[in-house]
Amino acid sequence: MTASIRDGLRLAARHPRLVCLLWAWYGLLALVPALPAWRWWNGVLGPSPEAASVLARFDLGVFLDLVSTQGVNGLGLLAGAAMAVAAIAFVSSAFAFGGILEVFGSEGEPRTFMHRFFRGGGHFFWRYLRLALIAGVCLLLATGAVSALLTGATAPLRDSEWEPGGYLLGVANFAVLLAVAALFLLALDYARIRVSRDDDRSMLKAYASGLGFVLRRLLSTYGIAIPFVGALAVLAILYLAYETNTPAAGNWGAIALLFLVQQAVVIGRVFLRVGLVGAERHFHLEALPTPVQVAVREIIAPESPAPDVPVPSEVEQIPT
Amino acid sequence: MRRVLSISLLAFLAAAATAAQSLPERSDRVVDYRISVALDPVKHVLTGRQTLTWRNPSTTDAVSELQFHLYLNAFKNTKSTFVQESGGQLRGAEMATDGWGWIDITSIATSAGADLTPTLAFIQPDDGNKDDQTVARVTLPEPVPPGGSVTLEMAFTSKLPQVFARTGYKDDFHLAGQWFPKLGVYEPAGMRGRETGGWNCHQFHANSEFYADFGTYAVDITVPSDYIVGATGERKRERANGNGTTTYTFEQADVHDFAWTADPDYVVVKATFSATQDVSPAEYERTAKLLGRTLDEVQLSDVDITVLLQPDHRPQAQRHIDAAKAGLKYYGLRYGRYPYKTLTVVDPAPGAGGAGGMEYPTFITAGSAWLFNFWPFDRIRLVEEVTVHEFGHQFWYGMVASNEFEEAWLDEGFNTWSTSKAMVEAYGADATIMEFLGFRMSDRDMSRASNDRAGRYNRILAKSWEYTPPGAYGFYSYYKPALALATLEGYLGEQTMARLMRTYHERWRFKHPRSEDFFALVNEVTGQDWSWYFDQVIRGTDIVDYDIGSASTRAVRTSQGVFDAAAGRRTVSSSDADEKDLEIERAKKQIFESVVVVRRSGGVKLPVEVAFKFEGRPVERQTWDGRDTTRRFRFERPEKLEWVDVDPDRTIALDVNWLNNGRRLTPDSRPAASWTARWLFMLQNVITTLGLL
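Chains A and B, in that order, give the protein sequences.
For the first sequence, counting from 1, position 5 maps to 5 in this note's numbering; every step adds exactly one.
For the second sequence, counting from 1, position 607 maps to 1607 in this note's numbering; every step adds exactly one.
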C-alpha cells in the first residue's frame, strides 16, 4: 500500500505537464459560466458605490440587490451554464483517464507527452464513457438500495428522545453511503486500469472485474484512497482558513493573491487525483502482474505480409 | 437636504416638547381567571375547572352574551378554518394525522347556579365556516350592566394536539397554549374606532396570533410529581398531593393569556437580571439623555429568569440567559421597565419545534439544536435571535396588546424592528443572526431579503388571514413594517424615533391601540402631518425604488457660431473654438458639465437626499422631494463628477434595491473581480470533481 502511494505521488510529480493540462482544461471549462458572470457583475457592481462593501466581505444585501436588479434569470442562466459545463466535464473524464493512464503506461516512449495523452484519450474514450455510465447506474442503484435499507433499519432510532442520536445516525448513514459510493468509484478506477492494460472491449465484464478486484482487496484499495482523500480535506481546510482569516480582497493585489491561492488549491486537487490514479495503477499491476506492458499499439501496416508469421491483431488479449 | 433637515429639526423640537409620560402601573383588569387543571401525561388530556369573572368595561352598553376562544378546536379535524387555511402545516412543521386536539366545555353556569350549557353555540364571525368550532358564545340569563360583572363556573376538557403549531405535546413534553376557554374582548363604542360596542372574538386562523383582555390569573396545575413545570407568572405554592402528583400554583396580574409547560426532562437554569449589575450607570445616563427622561424614569427592576432547557442543550444555558438579559435591558431601557417579576424561557423538546419561537405573557419559547453546542454552528445566533425576539413581544403583544388578527404589524412589525435594534446593541451590526465561516447576516439583511419588486400586491394594514397568497403574511406583518419603521427613523433621526416609541409604549401600555393611534402619535410628537408617509407605506401597496437614469461629466466646449456683442458681430469658427479649448486645457482651467438624472422607479413618493462627489471636493448633498418620476441635476464645475448616490446614508430601508441607487462615472471592477474569482473557484472545484471522477 505504502509503495503504491509513494509510486503514485512520484508518478504525479514526474508528470507536471499532465497535471497542468488537466487543470487548464477544466479551468477553461469553468471559464464558460465564469465569463458571463464577470460581465453581469461588472456591469452592475462596477458603477455602484454600494458594491464597495463587497471588498470587505461577502455582503448578502448586495447579493440580494444584484438578483433583484437583473431578475432571478441571471442566476438561473449561470446555474444552467454551470450544469451544462459540468455535464461536459463528466463526459470529458472518459478522455482524461484514457490520457492519464496512457501517459503512465508509455513512460520512456519517444513520442511527446501530448501525443501520448491524446492517443490514450482518443483510444479509450468510448469505452471509458461506457464504463462511467455503467458505474453511475450501479452507484445510483446501490446507494438507493442501501439508503432505503438504512432508512428502514434506523426508523425506530430516529424518533429517539436522545437528540445527538439523530445527528450521529445521520452521520453514520452518510458514512455508509459514502463508503458504498466509494466502492463503485474505486471499482471504476480499477476497471479503467484493467482496460488500459488489457485493452478489453467488454465494459460490463471490465467493471465486474474492477468490482471484484476492489471487493477482494477491500482494505488495500480503500487504504490507498483514504490518504489522498485526507490530503484533499486538509487542502480544503487550509483554503477555508485562508479565506476566513486573511484580510478581504480589497485591492487588486489581494484579489490577485486570492486567485493564485485558489488556483494552487485546484492544481493541488488535480495532483492528488492523478497521484491516486498512479497509486491504484501501481497496486493493480503489483496485484495482477502481467508479462507484457501494454500500451495502445499503433497500427503499422506491414510492407509485405510474411505468410509464415500471423498478422498481429490490434487488440492484444492478455490473460489476467 | 433642507427638507430632510427641517423634518428632523421640527421632529426633534416637537419630541422635546412632548410631555414625559409615566408608565401605567396596572391594566384595567377586565377579567379574572381562577383555574384548576390536571394533566394526564399519557392521554395528553387536561381536565380543568375555572371560575371566570368578567367586568363589562362599557359605560353605556348592557351585554347579554359572552364570546369565548376555543382555539384547541382548530386541531380537531381537517375542516377547521385553521387547517383549511394552513393545509396542516405551519412554519415548516406538519400536523400529525393521529394527533388531533380539541376542547370541550362540559359545563358552564353562573355563580348563582343558572346552567348556561344549553345556550352554548359555535359561531364563525370571520368566514362563516360552519365546521369551525374555535369561537363559541353563551347567552346570559340577564345582561351585564355597564360597569357590572358576571362570574361563571366552567368545567372543560382539553386534548392537546401533537405539537406542530405552537401548542401540544411530543412524548413527555407538553406545551399548553390556548388550552382553556378564554374570553374575547368586548370593545365598547369608541374603543379602537368602533362606532357601536361589541365582541371582538376572531376564529383561529393559520396566519394570526391573538387578542384578549387584561386581567388576573391564578392557576393550579397538577402534574405527575416527576414533571418540571414552568408557566406564566410567579410560582406561589407547590403542594404534593400524596398520589404521585404535585400541584403548582401560579399567579399573575395584568396579562391577557396564560400558558404553561410540563416535561420531566427539563434542566432548570435560574438567573437574575440585576437592574444595578446588568445595566451600567453610563447606560442609564445615555438612555435618559436619549429619551429626555430622568434617571428615575429609565430605572429598571430585577427579574428572575428561569430557563427550562433540554438536557442536550445544557452548554447553551448561558446563551439563553445572556439573550434574555439583552432583551430585558434593551426593551426595558427604551420602552419602559418590564413590570413583571419573572420571565420563563422554554427550550422545546427535540421534534417539538412547532412549539418554539412563541410568546405568551412572561413566558416564551425559544428553540435550539444539539449541533449549536459546537463550533462553528455556535456562531449561528438562532438562540439569541429567537429569545430576544420572543421576549420583545412582551412589550408589544404582551403589554401594548394590539389586535393581532386585524393589525398584526403593530406587534410583529414593531417587534421585528425592535429586535433588530436590540440585537445590534448586544451583538454588533453586521452579524446579528449569523457569523458563520466568514458569512455574516444581519436582521436588516433578513428584512431586506424579502423586500423586492414582487412585494406590491398587499398592504401592511390588512387582516392577517386576508393576505394573498397566505404566505405574504410574513413579509407584510414582520419585514415590511420593520423596514417602514427603519425608514421612518431615517427621517426622524435616532433620538426623535426613540422618544416617539417610548411615548407610544408608555401611553398605550395595557390599552390595545390601533394603527391610527400610532399615526396620530407620530404627528403629535413630530409636530407634522405624516399621513403622506403612512398612506403610501402602511395603507398603500406600492414599492420604493430610486435609481440613476444617467450620469455624465464632460468638459464644456467653447461655443461656436455667430455672436452679437456691443463691439459688433463676431464669428467663432470650429478651429477657433478648438484652439481656445486647447489653451484652456493647457492652462488647466477647464469647466466640466455634469448632468445626472435621478429616477423614482417605485410608486411610493418619498423625499430623498442625493449626494454628489466631485474630484478633490467634499461630498455635496441636495434634496429631491421625489414627487416627479425623474429629476435632472446639472452642474458646471472645475472638477469632474466622480459619483452620485441617492439616499447615501441608506436611511430609506424600504428601497427594494440599493445597488442601483448610485453611479460611479469610472466603474470599479474590483467587486466583480473579487466575486468572479470565488465563483470561478467554486466552478473549478465542481468541474474538476466531475471531470476526474
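It is worth saying that the hints were derived from the structure and are not from the lab.
The C-beta atom is built at its ideal place from N, Cα and C for all residues, glycine as well.
Treat the hints with caution; some may be incorrect.
[Unchecked claim] Estimated spans, in silico, between C-beta atoms of each pair:
| id | chain 1 | residue 1 | chain 2 | residue 2 | range |
| --- | --- | --- | --- | --- | --- |
| 1 | A | Leu157 | B | Asn1373 | 49 to 59 Å |
| 2 | B | Glu1466 | A | Ser53 | 32 to 42 Å |
| 3 | B | Ser1064 | A | Phe63 | 57 to 67 Å |
| 4 | A | Leu75 | B | Asp1625 | 45 to 55 Å |
| 5 | B | Met1682 | A | Leu168 | 23 to 33 Å |
| 6 | B | Lys1130 | A | Ser53 | 48 to 58 Å |
| 7 | B | Asn1373 | A | Met83 | 53 to 63 Å |
| 8 | A | Leu75 | B | Gly1092 | 42 to 52 Å |
| 9 | B | Asn1373 | A | Phe63 | 39 to 49 Å |
| 10 | A | Asn173 | B | Ser1531 | 30 to 40 Å |
| 11 | B | Pro1469 | A | Leu157 | 33 to 43 Å |
| 12 | B | Arg1379 | A | Leu140 | 49 to 59 Å |
| 13 | B | Pro1469 | A | Ser53 | 29 to 39 Å |
| 14 | B | Glu1238 | A | Thr244 | 32 to 42 Å |
Exercise for review: Mind listing which of the numbered hints don't hold for this structure, in increasing order?
Suggested key: 1, 4, 7, 8, 9, 10, 12 and 14
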